[in-house]
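Here the protein sequences line up with chains B and S, keeping their order.
Heads up: the first sequence is residues 186 to 787, going by the working numbering.
Heads up: the second sequence is residues 186 to 787, going by the working numbering.
No wet-lab data here; the hints were simulated from the structure.
Any given hint could turn out to be false.
One copy or any two copies: either way a pair holds, since identical chains are not told apart in the list.
In silico BS3-like cross-links for lysine-lysine, where the CA-CA straight-line distance does not exceed 30 Å [stated by the list, open to error]:
no., residue 1, residue 2
1, Lys-235, Lys-704
2, Lys-391, Lys-614
3, Lys-309, Lys-514
4, Lys-482, Lys-734
5, Lys-347, Lys-639
6, Lys-639, Lys-722
7, Lys-720, Lys-748
For reference, the chains in residue letters:
Protein chains: 2
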Amino acid sequence: MPYTPPRSSQPPTSIPFELSLSTHPGTSHYRSSLTPVSFLLRAALITPRKLAITHPERGYGFTYEQWAARTLSLAFALRAVPGFKTGDRVAVISPNAPLIADAHYGIPAAGGIITPINIRNTPKEVAYVLEHSGSTIILADHEFKHLVPENPGPGITVVISKDSGGQEADDAYEQFLDRGWVEWQRAEKAQIDQHRQSSKPTAEPKTGWKLIDAPQDEEQPIALCYTSGTTGRPKGVLTNHRGAYLAAVANAFEANITQDSVYLWVLPMFHACGWTFPWAVTASLATHHTIRKVDNKVIWDALVNHGVTHYCGAPTVQIGLTNHPDARKLDRRVNVAVAASAPTANLLAKMESLNLYPVHVYGLTETYGPFTRRYFEPEWAKLDVDARARMMARQGHSYLTSDEVRVVRTESSNDKTTSDLIDVARDGKETGEIVVRGNMTMIGYYNDQAATDKAVMKGWFHTGDLAVRHPGGEIQILDRGKDIIISGGENISSLMVEQELAAHADVLECCVIARPHEKWGERGQAFVVLTEQAKAKLNAEALKRKGSKENVEFVELLKKHCKERMSGFAVPEWFDIVDELPKTSTGKVQKNVLRARFASKL
Amino acid sequence: MPYTPPRSSQPPTSIPFELSLSTHPGTSHYRSSLTPVSFLLRAALITPRKLAITHPERGYGFTYEQWAARTLSLAFALRAVPGFKTGDRVAVISPNAPLIADAHYGIPAAGGIITPINIRNTPKEVAYVLEHSGSTIILADHEFKHLVPENPGPGITVVISKDSGGQEADDAYEQFLDRGWVEWQRAEKAQIDQHRQSSKPTAEPKTGWKLIDAPQDEEQPIALCYTSGTTGRPKGVLTNHRGAYLAAVANAFEANITQDSVYLWVLPMFHACGWTFPWAVTASLATHHTIRKVDNKVIWDALVNHGVTHYCGAPTVQIGLTNHPDARKLDRRVNVAVAASAPTANLLAKMESLNLYPVHVYGLTETYGPFTRRYFEPEWAKLDVDARARMMARQGHSYLTSDEVRVVRTESSNDKTTSDLIDVARDGKETGEIVVRGNMTMIGYYNDQAATDKAVMKGWFHTGDLAVRHPGGEIQILDRGKDIIISGGENISSLMVEQELAAHADVLECCVIARPHEKWGERGQAFVVLTEQAKAKLNAEALKRKGSKENVEFVELLKKHCKERMSGFAVPEWFDIVDELPKTSTGKVQKNVLRARFASKL
């Protein structure tokens, strides 16, 4: 892939600069601060000529030595912005292009806090995040320029990237990097002069990354990620260098990313810092393959022609992907981290037939992305795909570098008389809230002590997710509290009903919500999307028409299917056959939108 | 594999006890101390029924839940020893049996410092280590009882293991575990009583591992490993929980150990805590396969019949292994971490033909074992085995969790006028000393400030190994200082000469030392062990006779081979064809022994 360097900064031909951070003088010889920035420097040292990040849509990419040079230029450019100081927030508004990957190294290296912004937010939402985070610098992709406020405010610097990778002369981001490169050269010159003038013989003057100090405190903040709250204001999740380092190592280890891996950027990097994969993939000396848009044709091209071995994405992404005309069985196993919910039996079978092997993970922005994984158990080999899907649906156990996840009685969180949380029984029945603590847990919500105190009680972060714990210790999410269906005093897990309903051969995906019911208080309302095969074999249009003969018959079939798999009160009362389900930018089904339809009527 | 539980402690049938450590109340919700003990608890929680450690010679093994129970019993047994307190040293004298694996978890869990002792030491050496470490408890295998002093001294507890795994009633170690189990039950009962008596509702009483607190300070010492110094007194290398955790994660990651791996214990666990693999293999949820003795027949049985995927060992181990009659091409790739020196071209070719794939690593006891790895480079694919072996021979780059390794001018270490160390040029020529710092570096030498100050200068640990640094940043060891041959003012690397000489098809292994020479001061003296094929095709007996026709002709061939590959002055002057080379317990050639032969004579 051709690489046109920024005009002023020639790409290094063989690492001419240091590739490790300086250590704070006070540090003991047997300790160094954990920071994910070190992963890039190590990769550039070990395999400088390897393609670190490739961006086919725009026809450019960078080797690890080039990337290490560009990110150092970015760090110096940020530091040169008047008034910039350690701890300042730097907002990034970008799709999965090198810009936002650069930001994951250049901003922390400058001592800043990366604040990635969801490009699917409205200008109003973006304005709120910019104001709440107090970002003083905004790095934005040209395509999302409209999200940057007209008048961002006094003393706020905006840098727009054309995503040209230096191929175009008038790319403001490249010019910004060039200014940083000049600052870097100036800093080196100052070192050299000082060295010349010093009377006593000293070590060579510092060059390159040696001009940057590793954070003296590894608990220094590194990122501020805003949750796309379905309700209320988004909250800013503050994380630190130590946690990002350990989470990235865990992700690299759990996903088994190696030097031979190619990671496809389907998951947005603005989403919880891409679950720390911008650091994990680099730590593994693997290659980043970036795509600006989640386009199934582009993804299949990457899978088939670019040796992709790993990617992450919600089931909804997998559904579109596996049903795309370009879908074909790959000549190698691809490791797919699936979050938000587990793949259904139909989806699992389909994915495996294409050599896409899902690993079910669970996490939140507050936990640096995934922190539990459903580990495979030998016995699964004997199970049919339906049973395997049901086993895989559990959220499982904590990652290598996270503390053990707990499920606790909700009342114990608020019980003022004791400092303890009370675990639910490990019987797969008693419901409680998932709580976690430790190195993969956020510091807190930025400038929102009230929200932090509400989420962190008795030393544990409360996820708001309801779950059971099985005898084997693995957890299984039942529902977000509000997604529970309470019918005639019985608690029904809408997730459980969805899991079972989705096992029907004609069901591509489905969603079940609580709908008011005069007798039972609530009953399940199901929304069903048919598989292509079902649409072909059945009369789809007629099916969608309530009360039509086809509709009535088919709904009866679905109810029968459910009755065989759950207690009667859990079987949805109403079924709507629909073309698609409303989803959030991150692929989660918007149950609140569906609920709204029935809020008023009985 | 049948498992007979300790008589009093029944094996848990489905984890009836907690499998995580308690956190010190003062700890923030987003931090937990890094300790490798946590790996076992996590493994027992995720995959309780999996075989954690297998010991075929004695016909027993333990699942992860059984092992977690036994090690907790060990921790309680240690704590119950009168006078035992946090920070006490517990000596372990054992071959690669479950005893010493238990010790890597039970001792740190009790707050103790594991002090593994080389079973090849003399009773006198052992006595010194016991005294210097001030070990108050000694855990010893029955076969090495003779290494335990008759009268170990007042207040010192000795526990002898029959390595019965609880199958024999009169196994003192098992009885010790049983006492610990009783203490554990007592501690739980105390919790329960306290819980009953407390007026206000509190969380369930603590059980199992919850009775143990994670170290509040992750820099608390965990191990004290004595170096088998070829000269002078052995030194005690003190390491901590944080370093052991990060080193273990790095080893698991670099060796790509997964849930499907089986690790064969060829490397002694008493050697630098088995390079942290007792923790790394468990962190990966893999299986430990222990063998009491490095017996090539037993090893091949394990490789062929027990699905071994990983082991570590010096080249000398590989030589014996690859030449064993049972050697055959395996049906899977086995990952072999090779340290001490790199495999020669002949050995590399032979290993690859058997599906044994060496990874060259380098380290010292002071660095928790390996801390550099020679990373494969794509270009190697094109190279012939000879060239590949030469590339692989370099020590490479630092591990994921270690700081960048440096090679510095030796004079700069002692230069009082500056606090800096001066790096050698990255030209593959300038020689300097290898230094390192960071999370994979020891705290220091136990009770030996002088030695610590000598080794740790200007904030960096000095390895005493001489090396060059190549333009790519990878290091290559030339020699231990004393192994350099200085001939007519020229510095000759004996390792380089050995590497080249060993490339000769008839050479199985060789060693080159400096021998006094009246004209040049020193010249190389080579010792050569022939391959089986060479012995067969040549007249081995005659070859060994100095001056015999066969000997003279063959030595000429070897000199010719050398002349083609090195400057004339580096070609050894003398060649001895020998049956074997003298080696240390850890497989290093004892050059000092060979030197002694020529110390006096010219």
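Hints versus structure:
no.	hint	result
1	Lys-235 / Lys-704	neither (66 Å within a copy, 50 Å between copies)
2	Lys-391 / Lys-614	between (61 Å within a copy, 22 Å between copies)
3	Lys-309 / Lys-514	neither (43 Å within a copy, 66 Å between copies)
4	Lys-482 / Lys-734	neither (38 Å within a copy, 75 Å between copies)
5	Lys-347 / Lys-639	neither (42 Å within a copy, 55 Å between copies)
6	Lys-639 / Lys-722	neither (51 Å within a copy, 81 Å between copies)
7	Lys-720 / Lys-748	within (24 Å within a copy, 78 Å between copies)
Comparing the model with each numbered hint stated earlier shows that hints 1, 3, 4, 5 and 6 do not hold.
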